[in-house]
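Chemist: Listed here are the chains, written in short residue letters.
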Amino acid sequence: MAHEPYLLPPPGADWRNLEAYRQIGGYEAARRAVHEMAPEQVIEEVKESGLRGRGGAGFSTGQKWSFMPKPGGPKPSYIACNGDESEPGTFKDRQILERNPHLLIEGLAIAGHAIGARAAYVYIRGEYTTAFHTLSAAIQQARDAGFLGERPFGIERPFDVYAMRGAGAYICGEETGMIESAEGKKGQPRKRPPFPAVYGLWGCPTTVNNVETMAQVASILRRGASWFKTLGMPTSTGHTLFGVSGHVERPGVYELPLGTTLREIIYEHAGGVRDGRALKAIIPGGVSMPVLSAEQVDVRMDHESLKQAGTLLGTGGIVVMDETACMVRAATVIARFFRHESCGQCTQCREGTGWFHKLLKRLDTGQGTMDDLATIDRVGGYMEGQTICALSDAAAWAATGFLRRFRPEFEAHVREGRCPLPESFRP
Amino acid sequence: MSALEISPSVREAIAEEVKKYPEPRSALLMALHFIQAEIGHVPVGIQRQVAELLGIRPIEVREVVTFYPMYHEHPVGRANIRVCVNIACALAGAREVVEGIEARLGIRPGERTADGAYSIEEVQCLGSCGTAVCVQVNNDPYIENVRPERLDDLLQTIG
Ligand SMILES: Cc1cc2nc3c(=O)[nH]c(=O)nc-3n(C[C@H](O)[C@H](O)[C@H](O)COP(=O)(O)O)c2cc1C
Ligand code: SF4
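Quick note, the sequences are listed as chains Z and S, same order. Counting in our numbering, the final residue of the first sequence is number 1220, and the numbers go up one at a time with none missing. Counting in our numbering, the final residue of the second sequence is number 188, and the numbers go up one at a time with none missing.
Hints are computed from structural coordinates only; laboratory data are not their basis. Values in this document were obtained by computation on a predicted structure and should not be read as measured data. Built from N, CA and C at the ideal position, the CB exists for glycine as well. Please note that a few of the clues may not be correct.
Said to hold, decoys possible - Simulated coverage check for chain S against chain Z, where a stretch passes if three residues somewhere in it have a Cβ under 8 Å from a Cβ of chain Z:
1. 112-120
2. 139-149
3. 156-168
4. 175-188
Claimed, not checked - For lysine-lysine, the following DSS-like pairs were computed, each having C-alpha atoms within a straight-line distance of at most 30 Å:
5. Z:Lys863 with S:Lys49
6. Z:Lys979 with Z:Lys868
7. S:Lys49 with Z:Lys984
8. Z:Lys840 with Z:Lys863
9. Z:Lys840 with Z:Lys1022
10. Z:Lys840 with Z:Lys868
11. S:Lys48 with Z:Lys979
12. Z:Lys984 with Z:Lys1151
13. Z:Lys984 with Z:Lys868
14. Z:Lys1100 with S:Lys48
15. Z:Lys868 with Z:Lys1022
16. Z:Lys868 with S:Lys49
17. Z:Lys1154 with S:Lys48
18. Z:Lys978 with S:Lys48
19. Z:Lys863 with Z:Lys984
20. Z:Lys1151 with Z:Lys1022
21. Z:Lys840 with Z:Lys1100
22. Z:Lys979 with Z:Lys840
23. Z:Lys1022 with Z:Lys863
24. Z:Lys840 with S:Lys48
25. Z:Lys840 with Z:Lys984
26. Z:Lys978 with Z:Lys863
27. Z:Lys1100 with Z:Lys978
28. S:Lys49 with Z:Lys978
Start from the sequences, fold in the hints, and give me the full structure.
Modeler: Given below as structure tokens:
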């Protein structure tokens, strides 16, 4: 079955242009929501659609919005839209920002109505220069057209969208790290409670949603929650943007229903493993999520199925590795990343990410011992569920995930005193 | 050496940026980007001026400059070549790309050529995994699908 995309424009279409976007019905859903729907109705529709966050945790978007206080409280409410996109293997939000920015802005306008927000701030990772400029230009077009500003769509409730930039720190993708960063501070995550819905940007109620999540909203309002639920799986509805990278013939971003099998994504859409080599390992949802082995390639890419397979959907960023790739080395490269990105507030995370990197590097170069394998498992146990944010858990899942799934290969490194895969990529 | 000053046009850009937020301090990251685009780095003297503009303490600027990998307190090359070495780029030969650039420029990551033209940085995932290896020069749009065997072309484009 072919699936008509609704997140990304077809080849040749330029929807960065407001007129082109309006020709396909753009901003009509926002106009209708603002004029004809009560905020609670919008939240109900989004809840009913089953939409779950595309930023990694998969939380119900409608439910998250319902945690926000009713409009008219003592403080303004805000939307913090997460475009930090720094999870390795993830490069999908960039597609929306660079190719379909008005879809995001329309979603934000609808969300702004639903939760009574004063403004939305889109936090874009600092390196995404093109994305930042494309979104900024689209925001200006939407303002000029009267969709944002003092009287959006002619109603007396100001709402505006602003783009802002990060500066290269992964931790600023964590929702409270992002809020700190947007306030002009170091991106060190906050303790919760209080949650952002109570105490977010500048101490005001704030809802944090990923760019792709917000880009889903306009289509849900335009075509209805019941349409949305026909796409995907019962508890993982709608399309998502799967990013496929690594050892495939056609890496790229593919818009497909949740629940598409990993096999279909890799072999039909991404053209299969490069040079006809054998598949070895797949990271299913960004490097924070435990790796899968080739035998698991028939798993469906949805929340429930991946949980059953011992991993998580995460960001849907799929990294494919072929038979040449050394798993100890892949784990080492990922551990180096987490060590670099830990913000250092929590001892378990600061020390644990350092230990992982040190132990894995030692194993990769053939200097490791069997005790080191046990240490990785033990350190991982200390790091889960103990810290201010989930970076620590992610680092543990990644390292222990590789060890669990490919233990014989780790043991071979110890036994042989070297990496047994001479053709592997280099760290 | 004359003390560096934030230029009038950057001051103006910062003043515009401040208007977006309920608190001026929120403009800090953008302000530092504007400054770095003009001067190439954000020395301590400039940090003091930013602090004054935003009504915060110099240390509050400094802790941001030193927390975020994209800001440089000390000069880097006029072309600061940032190569992603995370997993997707590593699988596509990022190490060979870094080594190739090192060999051509005679510097290691973290160093600057004697004429101040180039420096190299190894960076974490740039969000361009489908077009690995990804290289970014300063804050310019990405250079994608970089291949170790085509580095002469790459340096030509940059130079
Ligand atoms: C270490 C860390 C990094 C994260 N990075 C991102 C990110 O880059 N983009 C994103 O949308 N969410 C990221 N998240 C998830 C956010 O905290 C948050 O759950 C998400 O933005 C909520 O949006 P959603 O409900 O629409 O998914 C990260 C979480 C952690 C723990
Ligand atoms: S878990 Fe790690 S990244 Fe998160 S707050 Fe603690 S030290 Fe910082």
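Chemist: Any hints this thing doesn't respect? Which numbers, in order?
Modeler: 2, 4, 14, 15, 17, 20, 22, 24 and 27
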